[in-house]
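*Asks:* Protein chains in written order, with this note's numbering: chain A, 1 to 143; chain B, 1001 to 1383.
Since the hints were derived computationally from the structure, they do not count as laboratory data.
Check the hints yourself; a few may be wrong.
[Claimed, not checked] Here are the computed lysine-lysine pairs in the PhoX-like style, where the Cα-Cα straight-line distance is at most 25 angstroms:
1) A:Lys111 with A:Lys86
2) B:Lys1222 with A:Lys4
3) A:Lys82 with A:Lys4
4) A:Lys111 with B:Lys1053
5) A:Lys136 with A:Lys86
6) A:Lys4 with B:Lys1227
7) B:Lys1286 with A:Lys136
8) B:Lys1208 with A:Lys31
9) B:Lys1053 with A:Lys136
10) A:Lys4 with A:Lys86
11) A:Lys77 with B:Lys1222
12) A:Lys31 with A:Lys11
Values in this document were obtained by computation on a predicted structure and should not be read as measured data.
Next come the chains, spelled out residue by residue.
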Amino acid sequence: MDSKEVSELIKEYAGDVRIVNNRCLFATSDKQRFRALLRALRVAGVTHISTITGIDVGNVVEVIYHFDCWPTMLNLKIPLPKDDLKIPTITDVFPGAVLYERDLMEMLGVKVEGHPDPRRLFLPDDWPEGVYPLRKEFRGAPK
Amino acid sequence: MTFVVPVGPQHPMLKEPEFFRFEVKGEEIVGVDIRLGYAHRGIEEALSRRSYKHNVYLCERICGICNVVHSTTYCQTVEQLAGVEPPERAKYIRAILMELERIHSHLLWLGVAAHQIGFNTLFMLAWRDREYVMDLRELISGGRVHSAMNTIGGVRRDVRSEHVPTMLRGLDKLEQSARYYTDLWGSDRTILARCTNVGVLSKDDAIKFCAVGPLARASDVKVDIRKDDPYGAYGALSFNVITEQEGDVWAKGMVRLREILESIKIVRQALKELPSGPVRTPVELKIPPNETVERTEAPRGELIYYIRSNGTDTPERVRVRTPTYGNFASMKSMFAGGTVAEIPIVMWSIDPCFGCNDRITLVDSHTGKARVVSFDELRRWKK
């Protein structure tokens, strides 16, 4: 699929589509339409998730899912307000996301609901609860 | 009842520290669990606190073996953010360096793989021949490993015309040895006995767990970012995407060895068609708010950089997904059903690239259950 075909596929479930070039586009969706979008991608034959990025932008954490729609890269943003940092897991549809979701949980404190194995991945076991290294307020490892 | 075999963080099998917990029933592996982070250096956070220029050097240090592909991907992403196109000559020089890097990485893999199956003669031979490519890298960049060639907007040094004949001679030698190793990999009894039908990753699992690079291609998944999403000079260079059907350790080795031959072809073509002109475009490094994502084919597979700019000379956020990280999810299906003796070669077949920390696993001899104890807990432990 090229960028136009991907934007056609997701237009029901996502807005703010920005086509960067023939093989790369950004779009924004929300938690309500997210699951339906995943299923639509899956039905269209998308199987590869490249990674998940989390960005702290003040009161909101933006979660970006990078899907490979052969050969187009779909970068799907889901903004989550900091007082409700929860998102359903996508591992039932894209099992390859299992480690990226663990990374997202420990680095930004986004709770991925329904994750099969929500342990820490990179941080040590004695890392304190509630300290997230990729948050804006983070200033060095706790002593 | 199952037993737990802990491997790592410090273990003769591992070339870098990482922790693997194998659950075995007799000789058979029934489960595997990994603990990453032993070499976690907080680079993503560090990248968002340094200027775009500084970050070129930091990105290069994410991985020693594939440093050029890291700095190239970073520079390409920043160039795209800033709306700058590097000169054609610079793109070709980057491609030459990235392919030389692929050759040396795959030869290094071959050496260690041979060592893991106890074939130390091949280990020595492969690493001897790897020196040819290190010499070529040194010739054009000044560094055997870290070349520091890339900069935002192009490359820092040019390939001089008097170097081209030496490069071509070196490539001939490399081709000769790569052909020999390809034949050997397909015919040697030791290699066939230790590598066929071992650590098989089926095509379905490779797709399901989003495997990348040679690991996916050895399971007959035809993915190669150089072809699927051409970047730099790759749109103009001709080469084949190598795949194998079997998905076992042998196929993973064969894909890498045949890729060396393709890489030699690419370097030859790039040297022949090297366009003339400047190697660097000046870039204004105060980039207005924007975001972009770039991916390249590193020796181990798809490498992704996502960068968001915020109007200053420092990026707001840099996300890096390295290929080994993408391949860990497929590990379980490669190990399950195998034997303990296969662990080293199967582990190495994904060409892992990691780094490490402090932790210990205790296995209760009554229940066989393992528990991870933190360093603090261990310190407080009563004698």
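*Asks:* Each hint needs a verdict: does it hold in this structure or not?
*Replies:* Comparing the hints with the structure gives:
no.	hint	in the structure
1	A:Lys111 with A:Lys86	holds (5 angstroms)
2	B:Lys1222 with A:Lys4	holds (23 angstroms)
3	A:Lys82 with A:Lys4	violated (33 angstroms)
4	A:Lys111 with B:Lys1053	violated (35 angstroms)
5	A:Lys136 with A:Lys86	holds (18 angstroms)
6	A:Lys4 with B:Lys1227	holds (20 angstroms)
7	B:Lys1286 with A:Lys136	holds (21 angstroms)
8	B:Lys1208 with A:Lys31	holds (24 angstroms)
9	B:Lys1053 with A:Lys136	holds (22 angstroms)
10	A:Lys4 with A:Lys86	violated (31 angstroms)
11	A:Lys77 with B:Lys1222	violated (28 angstroms)
12	A:Lys31 with A:Lys11	holds (15 angstroms)
Violated hints, listed in ascending order, are 3, 4, 10, 11; each of the other numbered hints is respected by the structure.
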